[in-house]
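Between the sequences and the hints, there should be enough to build the whole structure, so can you do that?
Chains as they are written, first to last, in numbering that gives the first Met the number 0: chain H, 0 to 185; chain V, 0 to 461; chain E, 0 to 512.
It should be emphasised that the hints constitute simulated quantities derived from the structure, not laboratory data.
Relax, there's no trap hidden among the hints.
The calculated lysine-lysine pairs, modelled on PhoX-like cross-linking and capped at a C-alpha distance of 20 Å, are:
id, chain 1, residue 1, chain 2, residue 2
1, V, 198, V, 422
2, V, 281, V, 460
3, H, 103, E, 370
4, V, 338, V, 348
5, H, 180, E, 392
6, V, 229, V, 181
7, E, 67, E, 392
8, V, 461, V, 338
9, H, 180, E, 384
10, E, 476, E, 341
11, E, 368, H, 103
12, V, 359, V, 311
13, H, 180, E, 370
14, E, 465, H, 103
15, V, 280, V, 305
16, V, 236, V, 251
17, V, 141, V, 174
18, V, 338, V, 376
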Amino acid sequence: MINIFRSCSYSLIGLGALGWIGILLTTVMFAGPGDSALTDFFAETIIIAERLETFDVDFTYVADDLFSLMAQLNLSLLIITILMSLGWSAGSHYLNIDSPGKAKIYFIHWIIFTGIFITIVLGIVIFFTQSSTFESAQFIGGTGMTIITGLSLIYYFLMYYVGVILGTARFARSSVLFANKLPGNL
Amino acid sequence: MLNNRFLGFIGVFLTITLISNFTVAKEKCSPEYSLPEAQINSSQENSDDANPVFVYFDGSLSMKGFVVDQPGQKNLYVSIIDDLQQIAENVGSKTYYHKFGSKVAPIKENEIAMVIKEGFYTCAGNVQECDNQHTAIDLPFKAAKANLDATYIITTDLFLENNQLVGSTLSALTKPLKSVLKKGKSIGVFGIMSSFNGKIWGIPTSTGATMPYRAALTRPFYIIVIGDQKNINQVRKNLEEQHFIDGDEAYKYALITSSPVSQNLNQAKILKESSIGALSKKDGFKFEYLDNDLALYQFMTTKKRKIEIKIKKSDFIVNGSSGVSSYRIEETLWWNEEKKCRNIKEPWKKTNHEKISSYKEKDEFLYLNAFKHAPLKTFFSKFRYFYLINLYADQTGKASETIFADWSIRDSDAEDFTNQNPKVFKTLNLTKFIKILNSVANDTFEPRLIASIAMDFEVGKK
Amino acid sequence: MKNFIVGIGGTGAKCLEHLLHCCASGLGPEKLWVGMVDQDEANGNVSRTKVQLTKYMNLRRSLRDDAKHDLSKDSNLFKTEITSNPDSVWLPLGGADPTLEQVIFYNNLKTEVKNLMDCLYDPAERKQNLSEGFRGKPNIGAAAMLATTADEKDVFWSQIYKAIDSARGGEEVRVFIISSIFGGTGASGFANIARRIKTIQKEKNVTTNFHLGGALMLPYFTYDVPEERKEELFAKPEEFLDQTKWALEYYSKLFEHDKIFDQVYVTGWDPLSKLKNFNMGGNLQNNPPLFSELYASLGALKFFASENKISDNQEIFHIGKNDSNEILWSDIPKVSNSLNSKENIAKLIRFAFSYNWMYAPALIGSWSKIKRYQNENWFKRLVYKNTYNNESKSCEVGHENNQEVVLAMKEYCEDILKWISDMQHSTVLGTDQKMNLILSSFFSEYKAKSTSNRVTIKEKLNASEKNQFKELVSDGKNLKLLNIMSNICYKKINKEQKGLGVFMDILFRSCEE
Numbered sequence: 000m001i002n003i004f005r006s007c008s009y010s011l012i013g014l015g016a017l018g019w020i021g022i023l024l025t026t027v028m029f030a031g032p033g034d035s036a037l038t039d040f041f042a043e044t045i046i047i048a049e050r051l052e053t054f055d056v057d058f059t060y061v062a063d064d065l066f067s068l069m070a071q072l073n074l075s076l077l078i079i080t081i082l083m084s085l086g087w088s089a090g091s092h093y094l095n096i097d098s099p100g101k102a103k104i105y106f107i108h109w110i111i112f113t114g115i116f117i118t119i120v121l122g123i124v125i126f127f128t129q130s131s132t133f134e135s136a137q138f139i140g141g142t143g144m145t146i147i148t149g150l151s152l153i154y155y156f157l158m159y160y161v162g163v164i165l166g167t168a169r170f171a172r173s174s175v176l177f178a179n180k181l182p183g184n185l
Numbered sequence: 000m001l002n003n004r005f006l007g008f009i010g011v012f013l014t015i016t017l018i019s020n021f022t023v024a025k026e027k028c029s030p031e032y033s034l035p036e037a038q039i040n041s042s043q044e045n046s047d048d049a050n051p052v053f054v055y056f057d058g059s060l061s062m063k064g065f066v067v068d069q070p071g072q073k074n075l076y077v078s079i080i081d082d083l084q085q086i087a088e089n090v091g092s093k094t095y096y097h098k099f100g101s102k103v104a105p106i107k108e109n110e111i112a113m114v115i116k117e118g119f120y121t122c123a124g125n126v127q128e129c130d131n132q133h134t135a136i137d138l139p140f141k142a143a144k145a146n147l148d149a150t151y152i153i154t155t156d157l158f159l160e161n162n163q164l165v166g167s168t169l170s171a172l173t174k175p176l177k178s179v180l181k182k183g184k185s186i187g188v189f190g191i192m193s194s195f196n197g198k199i200w201g202i203p204t205s206t207g208a209t210m211p212y213r214a215a216l217t218r219p220f221y222i223i224v225i226g227d228q229k230n231i232n233q234v235r236k237n238l239e240e241q242h243f244i245d246g247d248e249a250y251k252y253a254l255i256t257s258s259p260v261s262q263n264l265n266q267a268k269i270l271k272e273s274s275i276g277a278l279s280k281k282d283g284f285k286f287e288y289l290d291n292d293l294a295l296y297q298f299m300t301t302k303k304r305k306i307e308i309k310i311k312k313s314d315f316i317v318n319g320s321s322g323v324s325s326y327r328i329e330e331t332l333w334w335n336e337e338k339k340c341r342n343i344k345e346p347w348k349k350t351n352h353e354k355i356s357s358y359k360e361k362d363e364f365l366y367l368n369a370f371k372h373a374p375l376k377t378f379f380s381k382f383r384y385f386y387l388i389n390l391y392a393d394q395t396g397k398a399s400e401t402i403f404a405d406w407s408i409r410d411s412d413a414e415d416f417t418n419q420n421p422k423v424f425k426t427l428n429l430t431k432f433i434k435i436l437n438s439v440a441n442d443t444f445e446p447r448l449i450a451s452i453a454m455d456f457e458v459g460k461k
Numbered sequence: 000m001k002n003f004i005v006g007i008g009g010t011g012a013k014c015l016e017h018l019l020h021c022c023a024s025g026l027g028p029e030k031l032w033v034g035m036v037d038q039d040e041a042n043g044n045v046s047r048t049k050v051q052l053t054k055y056m057n058l059r060r061s062l063r064d065d066a067k068h069d070l071s072k073d074s075n076l077f078k079t080e081i082t083s084n085p086d087s088v089w090l091p092l093g094g095a096d097p098t099l100e101q102v103i104f105y106n107n108l109k110t111e112v113k114n115l116m117d118c119l120y121d122p123a124e125r126k127q128n129l130s131e132g133f134r135g136k137p138n139i140g141a142a143a144m145l146a147t148t149a150d151e152k153d154v155f156w157s158q159i160y161k162a163i164d165s166a167r168g169g170e171e172v173r174v175f176i177i178s179s180i181f182g183g184t185g186a187s188g189f190a191n192i193a194r195r196i197k198t199i200q201k202e203k204n205v206t207t208n209f210h211l212g213g214a215l216m217l218p219y220f221t222y223d224v225p226e227e228r229k230e231e232l233f234a235k236p237e238e239f240l241d242q243t244k245w246a247l248e249y250y251s252k253l254f255e256h257d258k259i260f261d262q263v264y265v266t267g268w269d270p271l272s273k274l275k276n277f278n279m280g281g282n283l284q285n286n287p288p289l290f291s292e293l294y295a296s297l298g299a300l301k302f303f304a305s306e307n308k309i310s311d312n313q314e315i316f317h318i319g320k321n322d323s324n325e326i327l328w329s330d331i332p333k334v335s336n337s338l339n340s341k342e343n344i345a346k347l348i349r350f351a352f353s354y355n356w357m358y359a360p361a362l363i364g365s366w367s368k369i370k371r372y373q374n375e376n377w378f379k380r381l382v383y384k385n386t387y388n389n390e391s392k393s394c395e396v397g398h399e400n401n402q403e404v405v406l407a408m409k410e411y412c413e414d415i416l417k418w419i420s421d422m423q424h425s426t427v428l429g430t431d432q433k434m435n436l437i438l439s440s441f442f443s444e445y446k447a448k449s450t451s452n453r454v455t456i457k458e459k460l461n462a463s464e465k466n467q468f469k470e471l472v473s474d475g476k477n478l479k480l481l482n483i484m485s486n487i488c489y490k491k492i493n494k495e496q497k498g499l500g501v502f503m504d505i506l507f508r509s510c511e512e
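Pasting the structure below:
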C-alpha cells in the first residue's frame, strides 16, 4: 500500500509540473473576461468572427458565457487527467508482472488505457464545444475548435504522460514508453 | 368585510395576471420598423356617364376578306362585329364609332351595319386618298391618349410592316400607349381566327416591294381594347360568353398592363398559417395580422428547418396579364439578446446580412425560400430574432408574347411563308407588336408591394 | 562467542543438513564450526552433508566478499559463517578395513583381558569390518571410540581443544553434538564424545564460558530388512526400541550423577517414518531428510542463540508435534524470540523457488542474452548498477566469475527445494500422517524407492504452475510472485552491499509479506 501511495505522490508531482498552467488558466477563465491577451485571443482566433460580424454581434455579448464554458471544459479535463493518471499509477501495482521480461507485454494495456484517455479527452472537448448543452459553444468557429481540440489533446496528454511516467510502479515501467529510462531508485 | 372584498379583488387580479402570463405562448415585441405603403391598383371606377367608348374599325382593303364568307369556314368576324356594338354599349355610357386606315373618320350609327359588308372596305376616292393598304394603327392609339377615361375598342388585322414598327412610326405608337399605361390603364388584345376570303395586301418580299396573297382560307383579326381593366374584362366576358364558351383555339387573349399586381396580400388577408407549411403545426407556433396589416409568424425552429412561404400567383396577379417576370425582396433581420419580451431592455440590433431569402416560381405558385442565403444553422440559439420581408413585383412578365407566338410571322419569313400557299395565314410582326406593348408596359411599370411578412422566432440549439 | 557442532553418525549428518539450510535462512549464530563423526566414511548421508556443507561455505564465501559480492553484515541470507576442517568428517578408526580386534590389539591382550573381550564381544563382532560403520552395535562403537578419541594432534580433536582453550581465555564457547540414541555410530559416540570433551575441559581447568549441549534422536524411522539378509550384522529396526530403553536408562543415571551436558534436546517420532530402501552402509545408505531431524537442528540453533541463557543446572528439553495426524507449520518451534524458524524457513523456500525459476534464468548466459532485461527496474537497480565495470564501461553479469555465483546459487536453491520436498514426502510415507507444509507436486516429482534422486525438480514451469507460487508455502500468507517483483523493486538497498549480493539479499528480503 505504501508503494501505491508513493506512486500516486510521484504522479501528482508529475501532474503538477504541467498542471499548474491548466489550473491558472481555469482560474482566470472562471474570473471572467477582462482586458487581457486571453480575451483578445478568443475574440480574434477562437470565435466565428465573420459570422458574428454578419449578425453585428459584439464579442462582449458572448465573452462571459464563452469563458465560463472554457473554464468548465478545462476543469473537466484537469479532473479526468488527474484521475486517469492516478488510476494508472495505482493500478500498475496490480498488473501481473511476476517475472522478468513480462512488463513489456503490458505496453499494450498502457496503450489501450492511454487511447481510452485520449478518447475521453476528445469526447469532453466535443461535448463542450459541439453539443447543444452549452449555448456559447456555437460561437466557436472551425479554427477555434481545431485550436481548442489540438491544444487540449497535446497539453492534457503531456500532463497525463508525465504523471504516468513518474507514477507507474517501478516494476511496471517497461510498460510505459520511455518510463524505463528513469533512474532505478526513483 | 371591506378588507375581505379588497383582498378578494387583489387575489382575482393576481390570478388573472398570472394566468395571462402563462397562457400567452410568446409575448409580442418587435424592433422599430416601418412598412411601405401598399399601392393598390386604383381601378378608378368612374360612373358610366363619364366613360365613353370609342370604337375604331380597320377599313383597310386587307380586312375586306373577313366579311366575305369562305365556304367551309366559320366567319367569326362578322358575328363578333355584329355583337361589338352591343358589347361596347355595355361597357360605356356613349359609344362613338370610327373607321380608320390611313386616316380616321367617324361613322354614323346607321353606317355601323356596313362594317360587315364589302363596301365598307372600298374607297370611293382617288388612289392617293384611298391608300387602303396602309393601317395607321397609331391613330386610334393617339386618340386613346386624349381621353383617358374612355374605353377604346380597335378592330384590325394588325398586319404591320417593319417600317411601321421603327423610328418615328414606332414612337407614334408607343408614346400614347405610355401615357395610357402610366395612368393605370391596360390594353387587352383579343385575337380571333376567322374565315377569310379575299386578298391580303402588303406582304413584304425580299426585294423590298410587297405582294398580295389570295389563297388564305382563315386568318386572325384582333380587337384591341384600351381602358380600365374592369372594362376590358367586361368586353372579354361578353365576347367569351357569346362566342367562346367552350374554350377555342380560334381565340387568344392577353392583357398588357403596367400594374399586373391585382392586390396586396396583407390587405386582402390572403396569407394564412398554412402558407408557411408544416411549421404551422409545431408547438409554439402562432400567426396573426397586426394592426398595420403585417402578417406575423411566431415560432421556435430547429437549425435544420427549411422555411418556405407558398403564395398562389393568381392571388395577386391580374388574370390574363403578362404577369410578373421578376420580384424583389427587401428584408431586414434583427436580433436581441433577451428572449423574453419583458426582459428586453436593449434595442434590437440589425444584422449585416446582404441577402437572406430568395424566391422561386413553380407552376402557379411563388415560393419564398426564407433564409436561403443565411441558413438557420448559422443562427445563434442564444438570441431572439425578428425578420421582416417586403415582397415586390419588380418587372412585368412577357406571357403575352408566347400566347400569340404561333400566329405571328416575321417580315423576313413572310415571302417564303406565302410561297408555301398556306390556308391559315399569320399576322405580320404580331410578336414584335406585342413585345413593343410589353416594353411600353414595363417602362411605365412601378414596383408594387405584394406582401409584407414578419417572423418573430428563436432558433433551437440543434 | 564460538560455536561448534558435531554430528555423529548418519543421523547426526542428516541433522546437520537441516541445520545448514536453517543457517542459510538466517536462523544460525554468527559463526559456527561444523564437524561430523562417522566410521562409515562413504555413508550417503554423510557424503550428502559434506557436499552441502561445501556448497554452503563456497557460496557464502562468494557472497560475503567485500571486494566483489557482498550480502552485507545485516543480511540474514547465509548469515552464519560456517567453517570446517578440510575433511569435515572424523573417522574414529582409520586405515583400510579396520576391525575391533585390531583396534584393541586383541592378539596382544593378556589372556584374562582377552577372555573378558570374548565375553563382551562374539568373534563375529570382533572381526567385523568397521569401514562401513559400527552396524548398529554401540558396544563396538563405544570401545572403538574410547580407544581413539582425544588425540590433540588429530585435526578434528584439535578444534575441540582450541575451543576449550578459547573458553579459558574468556570467550564463551558452546559445543553441541547430535546423534541418534539407537543404531551404531551415534549411539556409541554421543555419551563417549561428550564425556571426553568434559574430561578435556576438566583437565584444562575450564570452569566457565564453556557449555556443552546435545540433541538425542530417539527412534524416528524404521525400514524393512529383506529376509535373505536378516542374519547379517547391521542395525536392526526391531532392536531400536530396546536399545533406546537401555540407553535412556543409562543417560538417566548419567545425568543424575554427572552434569555432562548443560542442555539436552530430546526428540523422536511416532509413528516411525518408513524408509523404502534398506542399505547397511556406504554410499547406498542415503536416507531421506525427515522432519524430526529438523527438531534436532533447531534445538542446536536454539542452544547457539545469543538469547539462550544457559543456566548452571542441567536442562533437558523435549519436543514433539501436535497430537493430530497432520504436521503443521506451528509444529516448528522458534529458535529464539527474535528468530522465528517458521518465517525464516518459509522465506528461504520462497526465495529458492523465485530465484530458481524466475530470476536465475534471466541472469544466466552471456550479456547479449541478458541485456534484454537491462531496462527493467529490478535489473537496473539491483544487478546492472552493481555489476558494472567502469573501466570496461560494460555490465559484467555475463562474465564467468559472476555466472559462477549465479549458477551456484541456483544449484543451492534446487537443493533447498529438493530437501523440503523430500522431507515432506518421506516423513509421512507409508503412515497415516499428513504433511503439507508446502505444495510441491507442481514443481517436483517424488520417487520413494530411488536412492540418490528421490526428488526431481522440473527444469521449467509454465504460467499456471508459476501462478501456484502463492500456494507454495501453506503458512496462510498470500504472497504472490507479483508481490516479490514489487518488493524487489522497492526494497531499500543496504549501502554496504555489493555486486550480486545486492540482488540476492533484496530477493531474499522480498520473500516475506
